[in-house]
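K.L.:
Fit the two chains together into the complex; they arrive one by one in their own frames, and the hints show the way.
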Amino acid sequence: EPEVTQTPSHQVTQMGQEVILRCVPISNHLYFYWYRQILGQKVEFLVSFYNNEISEKSEIFDDQFSVERPDGSNFTLKIRSTKLEDSAMYFCASSETGVHQPQHFGDGTRLSIL
Amino acid sequence: RKEVEQDPGPFNVPEGATVAFNCTYSNSASQSFFWYRQDCRKEPKLLMSVYSSGNEDGRFTAQLNRASQYISLLIRDSKLSDSATYLCVGRGSQGNLIFGKGTKLSVKP
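As they're listed, the protein sequences go chains A and B. For the first sequence, this note's numbering gives the first residue as 1, with consecutive numbering after it. For the second sequence, this note's numbering gives the first residue as 115, with consecutive numbering after it.
This is chain B alone, in the form it adopts within the complex (with noise of 0.2 Å):
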């Protein structure tokens, strides 16, 4: 089983749309979970963090659920600017990130 898995898209939304972005991983990446956008060509940049409980920020919401190894991210309201790659990120016991490949998103006026 591939260590942290995503559905690569693309995702082709219009403007106002609600978006969801499922993940799943295995347990060699399981420290902690992050979600990351990816601009084409750019560095990772941290969107959130994501917790058992679940956590929101904004228009993002993020899900752990750790019995079936699922992670999600939901967008809101999506904006042109949110257009990026998501990354699903978790994280091995030494510290090192383990990234998905990333769901590519297109929103759409």
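Isolated chain A, as found in the complex (with noise of 0.2 Å):
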């Protein structure tokens, strides 16, 4: 069964440097997002993309955050100038088409920050 792949694993990473996440949607998906969660609480969403641009982003996406799709495969999240609070699990999903259909999530990154 196709899959969201995700990497790396785990990333330990100084406050205030950046970070890329990296995600390789499912190939015939055309909507990508990002979620993240905090250790013992909810999946919280932070941005939707779609034909390239970003569709819809939570207030969690501020100016550190962005995304991009550099080819046809990966698609990224970059925090710039990491802060303590970054420190969570990121996942990627994605979706085949439209607004109803289900996210498959990819198995996260655990993101840690020093």
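Keep in mind that the hints were calculated from the coordinates and are not lab data. Glycine is no exception: its CB is placed at the ideal position from the N, C-alpha and C atoms. One or more hints might be untrue.
[Claimed, not checked] Think about it this way: if two alpha-carbon atoms lie no more than 25 Å apart in a straight line, the pair counts; the simulated BS3-like pairs of lysine-lysine are:
| # | chain 1 | residue 1 | chain 2 | residue 2 |
| --- | --- | --- | --- | --- |
| 1 | B | Lys193 | A | Lys83 |
| 2 | B | Lys193 | B | Lys159 |
| 3 | A | Lys83 | B | Lys215 |
| 4 | B | Lys156 | A | Lys57 |
| 5 | B | Lys159 | A | Lys57 |
| 6 | B | Lys193 | A | Lys57 |
| 7 | B | Lys218 | A | Lys42 |
| 8 | B | Lys156 | A | Lys83 |
[What the hints assert, rightly or not] Beta-carbon label-pair distances, calculated as ranges:
| # | chain 1 | residue 1 | chain 2 | residue 2 | range |
| --- | --- | --- | --- | --- | --- |
| 9 | A | Thr7 | B | Tyr165 | 33 to 41 Å |
| 10 | A | Glu18 | B | Pro128 | 25 to 33 Å |
| 11 | B | Ser140 | A | Leu39 | 20 to 28 Å |
| 12 | B | Thr132 | A | Gln41 | 45 to 53 Å |
| 13 | B | Ser142 | A | Gln41 | 41 to 49 Å |
| 14 | B | Asn169 | A | Glu3 | 33 to 41 Å |
| 15 | B | Asn169 | A | Ser112 | 34 to 42 Å |
| 16 | B | Asn169 | A | Leu84 | 40 to 48 Å |
| 17 | A | Ser112 | B | Asn136 | 30 to 38 Å |
| 18 | A | Ile20 | B | Glu117 | 27 to 35 Å |
| 19 | A | Lys78 | B | Arg155 | 18 to 26 Å |
P.N.:
Rendered as structure tokens:
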């Protein structure tokens, strides 16, 4: 069964550094998403991406964050000048078409900011 | 009112028991609905979509009541492998998923 893949599985970074989290969505999917989950808390939406542009973003997704689809397969989340509170699991998801299609999640990147 | 609210549990049940989870939602999370399960420190995995007519998938039955803004999940004949956190999920108008905090289920032998 096709799946969303994310790399790295764990990223440890010094506060203030930049990180790039990578995702390869399912190949025929058109909608891409990033979510995060702080330990012990609920999953929170960050941003959605369609047709090479952001279609929706949450208030969490401020100027510190950016997303890119640099080629036909990768979808990246960049976090500039990381803060301690950015420590979380970051999940990438994709869906085939349309707003009502279920989203399939990658197994996440655990980001630890020291 | 929170967008998606769930009883956090934990629900501790013996194998073979029937267990029901409930969830309420606000208007901002009402485009469509899903149940996901999440094992400890793993990604959410889609369990089933939820339709107004109700839907069943093996031992799992989901119901949606739009008038009451209420969603339920029923698990029959629970297995040890059903132990997980069950996430009630709504959808915003732009397609983003809106998660509840989850209900933890422990099935004991």
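K.L.:
Against each hint, give a clear statement of whether it holds in the structure.
P.N.:
Going through the hints against the structure:
Under the criterion of a C-alpha separation no larger than 25 Å, the hint pairing Lys193(B) with Lys83(A) is inconsistent with the structure, at around 41 Å. About 17 Å separates the Cα atoms of Lys193(B) and Lys159(B), which keeps this hinted pair within 25 Å; it holds. The straight-line distance between the Cα atoms of Lys83(A) and Lys215(B) is roughly 24 Å, inside the 25 Å bound, and the hint therefore holds. Taking the CA atoms of Lys156(B) and Lys57(A), the gap is near 24 Å; set against the 25 Å cutoff, the hint holds.
Between Lys159(B) and Lys57(A) the alpha-carbon distance is near 22 Å, which keeps this suggested pair within the 25 Å criterion. Taken as a hint, the Lys193(B) and Lys57(A) pair is broken in the structure, with Cα atoms around 38 Å apart against an allowance of 25 Å. Our distance criterion of 25 Å between C-alpha atoms is met by Lys218(B) and Lys42(A), whose separation comes to about 12 Å. For the hint pairing Lys156(B) with Lys83(A), the CA-to-CA distance comes to about 23 Å; that is within 25 Å, so the pair holds.
Between Thr7(A) and Tyr165(B) the CB atoms are about 36 Å apart, so this pair conforms to the stated range of 33 to 41 Å. Hint check: Glu18(A) to Pro128(B), Cβ distance near 50 Å, so the stated range 25 to 33 Å is violated. The supplied range of 20 to 28 Å is met by Ser140(B) and Leu39(A), whose beta-carbon atoms lie about 26 Å from each other. Between Thr132(B) and Gln41(A) the C-beta distance comes to about 29 Å, which lies outside the given range of 45 to 53 Å.
Our hint of 41 to 49 Å for Ser142(B) and Gln41(A) is violated, since their Cβ atoms are close to 19 Å apart. At roughly 24 Å, the beta carbons of Asn169(B) and Glu3(A) sit outside the given window of 33 to 41 Å. Evaluation of the 34 to 42 Å hint for Asn169(B) and Ser112(A) yields a pass: the beta carbon distance comes to about 39 Å. The beta-carbon spacing between Asn169(B) and Leu84(A), approximately 43 Å, falls within the hinted interval of 40 to 48 Å.
Distance hint for Ser112(A) and Asn136(B): a CB-CB separation of about 35 Å, consistent with the stated range 30 to 38 Å. Distance hint for Ile20(A) and Glu117(B): a CB-CB separation of about 30 Å, consistent with the stated range 27 to 35 Å. With their beta carbons about 24 Å apart, Lys78(A) and Arg155(B) fall inside the hinted range of 18 to 26 Å.
The structure is inconsistent with the numbered hints 1, 6, 10, 12, 13 and 14, although it conforms to all the rest.
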